[in-house]
Amino acid sequence: MAQREAFAGIMLENENMTIAPGAAEDDRLDYFVHKDGLTFAGTHLIIDLWGGEGLNDADLIETTLRRAIDVAGATLLHFHIHAFEPDGLSGVAVLAESHISFHSWPERDYMALDIFMCGKTDPYKAIPILREAFKPETLQLNEIKRGIVS
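The C-terminal residue of the sequence shown carries number 200 in the numbering used here, and the numbering is unbroken.
By construction, these hints were calculated from the structure, which means they are not laboratory data. A few of these clues could be false.
Claimed, not checked - As a list, the in silico BS3-like pairs of lysine-lysine whose alpha-carbon atoms are at most 30 Å apart:
no., residue 1, residue 2
1, 85, 175
2, 185, 175
3, 85, 170
4, 195, 85
5, 185, 170
6, 175, 195
7, 195, 185
8, 195, 170
Please model the entire structure based on the sequences and the hints provided.
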């Protein structure tokens, strides 16, 4: 906690990152999840897609993730995709309720996705969207409840 307080109100910048002063008062809502008798920061889904289609198609991936964000009830703030040569994509969707990130290795028929959401969102609603778009032979899913406080 002392480190976070030490940086309160300081603006740090470089070409890749900006850390702004604390949130405005109306941005400080409690986005912790209260479910099944637990209180926690959010649900983090770790997803491995094997044998899917379109793993090097930036437009398909962006369209699919935008749909998944909408269906899950999240709010998109920023979307970025980076293409690697000769193949492969990495990207992140920054959400008001956390993020979705992905990395694809088309040469291995594999994509890794992380969906971390808090608040009243439902990250599990993204799974059928991913299955429909990428048609994976195998989808492995692990859940982590992040930041359990009670």
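Against the structure, the hints:
A distance of roughly 16 Å separates the Cα atoms of residue 85 and residue 175; the hinted pair therefore holds under the 30 Å criterion. For a cut-off of 30 Å, the pair hint linking residue 185 to residue 175 stands: about 16 Å separates their Cα positions. Our distance criterion of 30 Å between C-alpha atoms is met by residue 85 and residue 170, whose separation comes to about 10 Å. A distance of roughly 11 Å separates the Cα atoms of residue 195 and residue 85; the hinted pair therefore holds under the 30 Å criterion.
A C-alpha spacing of about 28 Å is found between residue 185 and residue 170, which places the hinted pair at or below 30 Å, so the restraint holds. As the CA atoms of residue 175 and residue 195 are separated by approximately 16 Å, the hinted pair is consistent with the 30 Å bound. With a CA separation close to 27 Å, the supplied pair residue 195 and residue 185 stays within the 30 Å bound. Straight-line distance between C-alpha atoms of residue 195 and residue 170 comes to about 14 Å, which keeps the hinted pair within the 30 Å bound.
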